[in-house]
Structures are given as structure tokens and as C-alpha cells.
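**Student:** Single-letter residue listing:
There are 2 protein chains.
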Amino acid sequence: MRNIKLTIAYDGTNYKGWQLQKNGTTIQGKIEEAIEKTFKKKHRIYSAGRTDSGVHAQGQIAHFKTSVPVPMNKIPSIINTVLPPDIAIKNAKKVSTDFHAQFDAKQKHYRYYILNSLKREAFKERYAWRVSYNLNVSLMREAAKALIGKHDFKSFQAVDKRERLSVRNIFSITVKKQKAFIVIDIKGDGFLYNMVRNIVGTLVEIGRGYFSPESMMEILKSKNRKKAGPTAPAKGLFLMEVKY
Amino acid sequence: MRNIKLTIAYDGTNYKGWQLQKNGTTIQGKIEEAIEKTFKKKHRIYSAGRTDSGVHAQGQIAHFKTSVPVPMNKIPSIINTVLPPDIAIKNAKKVSTDFHAQFDAKQKHYRYYILNSLKREAFKERYAWRVSYNLNVSLMREAAKALIGKHDFKSFQAVDKRERLSVRNIFSITVKKQKAFIVIDIKGDGFLYNMVRNIVGTLVEIGRGYFSPESMMEILKSKNRKKAGPTAPAKGLFLMEVKY
Numbered sequence: 024m025r026n027i028k029l030t031i032a033y034d035g036t037n038y039k040g041w042q043l044q045k046n047g048t049t050i051q052g053k054i055e056e057a058i059e060k061t062f063k064k065k066h067r068i069y070s071a072g073r074t075d076s077g078v079h080a081q082g083q084i085a086h087f088k089t090s091v092p093v094p095m096n097k098i099p100s101i102i103n104t105v106l107p108p109d110i111a112i113k114n115a116k117k118v119s120t121d122f123h124a125q126f127d128a129k130q131k132h133y134r135y136y137i138l139n140s141l142k143r144e145a146f147k148e149r150y151a152w153r154v155s156y157n158l159n160v161s162l163m164r165e166a167a168k169a170l171i172g173k174h175d176f177k178s179f180q181a182v183d184k185r186e187r188l189s190v191r192n193i194f195s196i197t198v199k200k201q202k203a204f205i206v207i208d209i210k211g212d213g214f215l216y217n218m219v220r221n222i223v224g225t226l227v228e229i230g231r232g233y234f235s236p237e238s239m240m241e242i243l244k245s246k247n248r249k250k251a252g253p254t255a256p257a258k259g260l261f262l263m264e265v266k267y
Numbered sequence: 024m025r026n027i028k029l030t031i032a033y034d035g036t037n038y039k040g041w042q043l044q045k046n047g048t049t050i051q052g053k054i055e056e057a058i059e060k061t062f063k064k065k066h067r068i069y070s071a072g073r074t075d076s077g078v079h080a081q082g083q084i085a086h087f088k089t090s091v092p093v094p095m096n097k098i099p100s101i102i103n104t105v106l107p108p109d110i111a112i113k114n115a116k117k118v119s120t121d122f123h124a125q126f127d128a129k130q131k132h133y134r135y136y137i138l139n140s141l142k143r144e145a146f147k148e149r150y151a152w153r154v155s156y157n158l159n160v161s162l163m164r165e166a167a168k169a170l171i172g173k174h175d176f177k178s179f180q181a182v183d184k185r186e187r188l189s190v191r192n193i194f195s196i197t198v199k200k201q202k203a204f205i206v207i208d209i210k211g212d213g214f215l216y217n218m219v220r221n222i223v224g225t226l227v228e229i230g231r232g233y234f235s236p237e238s239m240m241e242i243l244k245s246k247n248r249k250k251a252g253p254t255a256p257a258k259g260l261f262l263m264e265v266k267y
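Chains as they are written, first to last, in the numbering used here: chain B, 24 to 267; chain Z, 24 to 267.
Any given hint might turn out to be false.
Identical copies look the same in the list; a pair holds intra-copy or inter-copy alike.
With a cut-off of at most 27 Å between alpha-carbon atoms, the simulated DSS-like pairs for lysine-lysine come out as follows [said to hold, decoys possible]: (1) K147 x K53; (2) K117 x K60; (3) K142 x K113; (4) K117 x K250; (5) K53 x K250; (6) K39 x K53; (7) K113 x K258; (8) K147 x K258; (9) K64 x K129; (10) K147 x K202; (11) K147 x K246; (12) K177 x K117; (13) K142 x K60; (14) K39 x K168; (15) K63 x K173; (16) K64 x K142; (17) K88 x K142; (18) K142 x K117; (19) K244 x K39; (20) K249 x K60; (21) K168 x K53; (22) K177 x K246.
Quick caveat, the hints were computed from the structure, so don't treat them as lab data.
Use the sequences and the hints to build the structure in full.
**Tutor:** Structure follows, in C-alpha cells:
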């Protein structure tokens, strides 16, 4: 029985997120279907995390165990042949039998793209949140610092999907201006449901001057979702990399 | 009565092309709907050309006449508000009453993206034709020269949509390698139905060594569609600019 680790990219626009659902097409569903078609056998795959409806990935990780003797270096191209073009297996690698994509993850890197422009861009709106009021990147950067480290992130957790333990460790946050885009990179040991999108929504409130940069610390300390900004749209969010 | 010239960008993936249809969503349909909603009156719009199902545009041009007194500089943002995010009015400009987007066009610039890679790219396949055999760009460039100038392009015209006059003037063709992409730019006074895609399909046959570069001249002279290569997929094609 081999344990196989897959690195996966997908454009999440047309999917109801990663996780299998009774109604609606999901990334997991499409990949399990593709493995079944090519391996001629059903397999269950396990991902590092369940990206939400509309969220994209450049480096999602998943694993599955199989006794089907497909050569390792052929696995990506074989599965890709039957996958829709907006999902790509980038890499397949044999890992130890006890490797688990979710439980062994040490660091996740998410990236969020804000298109800070009055002008609509037909080819960019699919992969970024367009914000038309002018955002002050320095204020956003200053505010983001308050989040670095081990904190209870209850203020940034979706109200309807609370987890018992809401302490997470954020290793770094960078806020960069790249032409019309503002790119926010967040790395941490794990993230609560909607946490990155709620952080981004709050940073935007700070960038446009509605909240002060100092308010980020107060919001964090309040442990009250109502104090934070709105949830940024899914389409700007990318799971970039998972480290083990 | 003002005559208004619009510059329009769209991601053609989810549309049945430019032209209004009884069944299926089209770019023209969406824009006429948006103008009707915002101007509170029906208007007919006329484009420089009818891009096909799945073809994209960075610089499509259209015009419409209106007596509704909307300020010119507000027109793009007003119409964009009710358009889907994958269609954008980039610019609106008052033009002389006899300006016609189709009949007055002097030059059209089309661009075609080939992704020359064995590897699937989840975020690029929507806007390029992925060709996995290795293409020789020098051979393609050499062959393309044969097409420059005024010729009867019957060999590159869709069999089911012939036009009476199939002579067109191609001003320039460039074939450039840009990382994993091969970018083909074609400028001419006009193009027959599927002409750019049939030229690209033929260039790919030459780039992979199935046709010789010299065969381009023979194909052109034969005036026989069957001699040329296959029609390249719509998704790699962009209408970049129309000049008047």
C-alpha cells in the first residue's frame, strides 16, 4: 500500500469548495472521480484543509493510499487527462504510510489579492476583490503587525462555524503594493474558518480609514466577531503552500 | 442624438460570442440589457466584429446612438455597475454621427496565446491553447511571412461560413516566445470567419514539424481549406485593438 502526496492547483470559481457535497461540484469530488476513472478503483483523498466555495489554490496538498501499481511519475498526467482544465495535479510523491495531509501540516501560506482600482478589469475580477476607495497600504501594514504571534483569533472566526480552540499562531503577514494590486501574504500554523478573509476585510476597513490601525489590537483582544470588518470575498483568496 | 463609441473588454469563456442569439447569453445581449437598465430605454449596439463563442477581447469597439442625456464620462461606470464582472466598458467617447464601428474599421489586431507545455496550468488554460509537443518558434515565424500582404485567404476560411470576397490584407504577423507561451500577433484590414484560428492551427502544424514552413505558401495558393491545419480553440484568441 503506497501513500501518495499530491500537490494541486485549482481555479475555485466554478466549484463549491474542496469538500465532497451531495449537491454541487467540488474539487475533492472531481479528483476522486478522476482517480476512480484512471485507477479503476474508488479512493478517498484527504486534503490539508477544506478551501471554501470560490477559493483558489496554487499549492493545496492531499494524500491517498492505493495498492494500484501506477508508476509515480505518470500519476499527475494520467489524472490530469480526465480532470477539468481548471484543476491540475502539479506533483505526486510517495510519502511514508503515516503521512496525513491535514494533521501533519506545520505551516499554511494564504495569499489575498485586492485590486485597488476604480476601473473594472474584465480579466482580473475573477481572482481579486476590487476595492474602489483608495487604500493606504502603510496603515494596513502597521495594523497587520498586531496579529503576528500566538493569539486567540475568535474575533476573526465565522460566527456559524466556531471551533472549540481558536488559538492560532501567525508567523508572518506582509502587505505589498504591486501595480494596481495589494497583495496580502499570511503564514501561520493553521487558520479558523473564514479567518483570512475576515482579517483582510478588517485590513480594508483600516486602509480606507474607517478603523484606525490601533483598532486591530482592540479587535483581537475583544474576541468578538462583531468588532472586526466584513468577510472579504472568496475569489481573492489563494492557498499558496502547505509545509510539513 | 449623440453617437457613442465604446471600448470593451470581456472574458468570453461563459458567452456564446458577441452577437445576440435567441438561445444563449452573448456579450451584445448583456451590454444592451445593461444600457436598457441604466438608460431606461432600449438601444441597439453595433460592434467592429462579431467575436465567436469563447473568444476574448481587450479592445472590442462598438457604437450606439442615444438621445438620453447621460454625462459622457459617467457612461462606463454606470453601465459597468449592472454588467457581469467579466465584461467591462473601458471607455466611452462621443464620435461623429456617421461613425460606424464595423464599416469604418481600418485595422484589427488579434492576439493568440499558445501555452507550449507538457504541464497543465489550472489558471492559464482558460486563456490559452495548451500544446504539449515542442514547437519550433523559428519555423513558425518563417512560415508566417508568407501570409503578409494582400491575398485570397480562402484556405483559412471556415467551410460553412464562406464570404463572397475572401481577399484580405495582413499588415503584420509576429510570433514570440514569452516564457512557456508562444504569442502570435496578427494585424490586418479584416479577417474571414475563423481565419486567425485557422492560421494558428496551421502554424502549430509547422512548429511541430508536421508541415514544412514552405508549405504555408502552397496552402495559401491552393485556396482549399482542407490543405490548412485544424482550427485552433477559441479560448486562446483575443481581439486586442481596432483602429479607425
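**Student:** Could you run down the list of hints and mark each one as holding or not?
**Tutor:** A quick look at each hint next to the structure:
In this assembly of identical chains, K147 and K53 lie within 27 Å of each other by CA distance both inside one copy and across copies; the values are 25 Å within and 19 Å between. Taking the shortest alpha-carbon separations for K117 and K60, only the intra-copy value of 21 Å comes in at or below 27 Å, while the best inter-copy value is 57 Å. Proximity of K142 to K113 under the C-alpha cut-off of 27 Å is restricted to the inter-copy arrangement: shortest distance 8 Å between copies versus 34 Å within a copy. Within a single copy, K117 and K250 get their C-alpha atoms no closer than 45 Å, and across copies no closer than 48 Å, so neither meets the 27 Å cut-off.
Proximity of K53 to K250 under the C-alpha cut-off of 27 Å is found in neither arrangement, the shortest distances being 38 Å within a copy and 39 Å between copies. Taking the shortest Cα distances, K39 and K53 sit within 27 Å of each other both inside one copy (11 Å) and across copies (25 Å). Taking the shortest alpha-carbon separations for K113 and K258, both the intra-copy value of 21 Å and the inter-copy value of 22 Å come in at or below 27 Å. In this assembly of identical chains, the alpha carbons of K147 and K258 lie at most 27 Å apart whether taken from the same copy (10 Å) or from different copies (16 Å).
Taking identical chains as interchangeable, the C-alpha atoms of K64 and K129 are never at most 27 Å apart, the minima being 31 Å within one chain and 58 Å between chains. In this assembly of identical chains, the alpha carbons of K147 and K202 lie at most 27 Å apart whether taken from the same copy (13 Å) or from different copies (21 Å). Proximity of K147 and K246 under a CA criterion of 27 Å is satisfied in neither setting, with 34 Å inside one chain copy and 41 Å between copies. Neither within a single protomer nor between protomers do K177 and K117 lie at most 27 Å apart by alpha-carbon distance, with minima of 37 Å and 54 Å respectively.
When the C-alpha separation of K142 and K60 is checked against a cutoff of 27 Å, the pair qualifies only between copies, where the shortest distance is 20 Å, while the shortest distance within a copy is 44 Å. Taking the shortest alpha-carbon separations for K39 and K168, neither the intra-copy value of 33 Å nor the inter-copy value of 48 Å comes in at or below 27 Å. Proximity of K63 to K173 under the C-alpha cut-off of 27 Å is found in neither arrangement, the shortest distances being 45 Å within a copy and 55 Å between copies. Taking identical chains as interchangeable, the C-alpha atoms of K64 and K142 lie at most 27 Å apart only when they sit on different chains, with a minimum of 25 Å there against 49 Å within one chain.
Taking the shortest Cα distances, K88 and K142 sit within 27 Å of each other only across copies (24 Å), while inside one copy they are farther apart (48 Å). For the identical chains of this complex, K142 and K117 are inter-copy neighbours only, at 20 Å across copies versus 47 Å inside a copy, given an alpha-carbon limit of 27 Å. Proximity of K244 to K39 under the C-alpha cut-off of 27 Å is found in neither arrangement, the shortest distances being 33 Å within a copy and 52 Å between copies. Neither within a single protomer nor between protomers do K249 and K60 lie at most 27 Å apart by alpha-carbon distance, with minima of 46 Å and 36 Å respectively.
For the homomeric pair K168 and K53, neither the shortest alpha-carbon distance inside one copy (39 Å) nor that between copies (44 Å) is at most 27 Å. Taking CA atoms no more than 27 Å apart as the test, K177 paired with K246 passes inside one copy only; the shortest distance there is 5 Å, against 70 Å between copies.
The structure shown violates the earlier hints numbered 4, 5, 9, 11, 12, 14, 15, 19, 20, 21.
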